[in-house]
Amino acid sequence: MFGKKRVAIVGAGVTLFRRNLKETGKELSYEAAKTALEVAGLELRDIKSVVMGSAPDAFDGVHMKGEYLADGAGAYHKPYTRVFVGGGTGVFTPLAGWWHVASGQFDTCLVVCEEKMSSCYPHPQYAFTTIFDPILERPIGMNLIWIFALEMNRYMHKHNIKKEDIALVSVKNKRNALDNPIAQLAANITVEDVLNSEIMAWPVQRLDVSPTSDGAAAVVLASEDVAKEVTDNPVWIDGVGWCIDSTHWTDRDLYYPDYVECAAKMAYKMAGIKNPPKEIDLAEPYDPFDYKELHHMEGLLLCKKGEAPKLTREGVTQRDGDLPTCPSGGLLGCGNPIAAAGLMKVCEIFWQLRGEAGKRQIPGDPRTGVAQAWGDLMQYGSVIVLRR
Amino acid sequence: MRYYQSEAVETKDIKEGKIPTEKFRPKAKFAWSAGIAISRFLEELKNGKIIATTCSKCGRIMVPPRIYCEKCFKPADGWKYVKDTGVINTFSVSFLAADASRLKEPIVVAIINLDGASEGMGIVHRIEEYGDWREVKIGMKVKAVWKPPEERTGAITDIAYFKPIRE
Ligand SMILES: [Zn+2]
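Sequence lines, in order, name chains A and B. Residue numbers for the first sequence follow our numbering, so the first one is 4 and each next one is one higher. Residue numbers for the second sequence follow our numbering, so the first one is 2 and each next one is one higher.
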């Protein structure tokens, strides 16, 4: 046993993912948190601690976003922390919630993630440029899309991967999203549509990329004794892992995310998983770009290096395949309110394991799922293994 | 699955003030110290040279230079010049500027592994004089094109760009 207490997810809630939602970040946080509490059958007074996750402050244009969002997240007069690990935040936040409960310090923890990217208008790209090194990188005129393009090109080169195979991820995820009521960019598109879409920064084209979004998501965590009192269907957090690589990203080989592997191994060891492809029934790897799903499947050891495109081509990652991947529709289909998008992936595993995913429900009575997020300067991996 | 239903508005309605919004543009300015290692690196760029630091424990020749080896977590204990030639590790052809506006002519950006540095270590910079962007390839040899000495300011842009070395 890792930690003093076993920890379960007992409730989950999300908002719509859209550009320019009418609600403020606080309001979105409130609606997601309230929905998760209702599903758990708990009141705010039952919540002993709160963890908030939100990505760069520059999107909202509100510095100290943790304190700004606290009331909406249900943190009034409670032990409260905001955590932030870039794009990895959405899966890292429930990991931080896990240690609150696993430590034995709190019976319950409300985990809320929010992102309001459209506040920075007309586009948040310029806010993104401030993530780069001010002396050596910004004078080059860095654009966020470039780092993805550099990574994608290196990955394609190393394994001789065709853009056609990568485009299949975008086609799959946008189609999966047709069955997700929160989705922003659900669509039936073809590989040709992706290949013919506008070039942003070669090899990245418009339909390789997830959109700018607002949204929130929340889960309620409880210790084993509380979980068994409040639900017959707890979903257990059986593995947690996180890892960061060097900030010197121009000194690393970007074809493979070592740090995701490191985080995955930590989570699998805790969950007692020895053969991930056999023992994991579904996966929600982070897919802000189509190639990232493949990159992360490999980092999550769900296949060999360079093999993810083949599995995708063979239909293994479809909802009715052997390893359903991003059945939610992912970020490509649902949208990418960064921290909320990562936590949405955790919510999707929760619904799938409880048989509550509606039209998206994967067949075969799934028991074990993995969700992962990725962030900072192509260097952060956060991984969670859930079981019922 | 339970979710909260709401609705979104159009960006143009925000721009045109048709819905209640408050607008703000930050005016914060910054001046960053380049630090111990990078200040030396920038001074050397002014002289037309690229300098690395070395770690005697793991043997790495590290560029960009740092005063510590992050792997051994000990002080870097030497300085060493590397060449101004290298190999394209990966690249992108960007039709987007830093503010996401569309460029008429694309720009090529690359990670360049510098000759003389440890394998796989390098910097990010622009590539020019490549002809057709479809001809740019990973593994291509490139060389720095320096600004004239009188135009150098001690900045990464003292290297104007890298250009392919034609054999
Ligand atoms: Zn060392």
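If you're looking for bench data, these hints aren't it; they were derived computationally from the structure. Glycine is no exception: its CB is placed at the ideal position from the N, C-alpha and C atoms. It cannot be assumed that every hint is accurate.
In silico contact screen, one side only, chain B against chain A (beta carbon under 8 Å); selected entries [claimed, not checked]:
id : residue
1  : Q6
2  : E11
3  : T12
4  : W33
5  : I37
6  : A38
7  : I39
8  : F96
9  : A99
10 : D100
11 : V110
12 : H126
13 : E152
14 : T154
15 : G155
16 : T158
Within a straight-line C-alpha distance of at most 30 Å, the following computed DSSO-like cross-link-like pairs (lysine-lysine) qualify [stated by the list, open to error]:
id : chain 1 : residue 1 : chain 2 : residue 2
17 : A       : K313      : A       : K281
18 : A       : K268      : B       : K72
19 : B       : K13       : B       : K84
20 : A       : K161      : B       : K84
21 : A       : K166      : B       : K13
22 : B       : K148      : A       : K29
23 : B       : K142      : A       : K166
24 : A       : K29       : B       : K72
Evaluation of the interface hint that places D100(B) against chain A, nearest CB under 8 Å: holds (5 Å)
Hint status (Cβ of Q6(B) to nearest Cβ of chain A, threshold 8 Å): holds (7 Å)
Interface hint outcome for I37(B) [beta carbon to chain A under 8 Å]: violated (12 Å)
Interface hint for T158(B), Cβ within 8 Å of any Cβ on chain A: holds (5 Å)
30 Å Cα cutoff - pair K142(B), K166(A): holds (25 Å)
Per-residue hint verdict: W33(B), partner chain A, C-beta under 8 Å: holds (5 Å)
Interface hint for H126(B), Cβ within 8 Å of any Cβ on chain A: Result: holds, 6 Å to nearest chain A Cβ.
Supplied contact hint for T12(B), tested at 8 Å Cβ to chain A: holds (6 Å)
Evaluation of the interface hint that places E11(B) against chain A, nearest CB under 8 Å: holds (7 Å)
Hint validity - V110(B) Cβ closer than 8 Å to any chain A Cβ: Nearest chain A Cβ about 5 Å off; hint holds.
Pair hint outcome, K166(A) versus K13(B) [Cα-Cα no greater than 30 Å]: Distance of about 34 Å is beyond 30 Å: violated.
Status of the hint placing G155(B) at chain A (closest C-beta pair under 8 Å): Where the cut-off is 8 Å and the nearest Cβ of chain A is about 10 Å from G155(B), the hint is violated.
Checked against the numbered hints above, the structure breaks hints 5, 6, 13, 14, 15, 19, 21, 22 and 24 and satisfies the rest.
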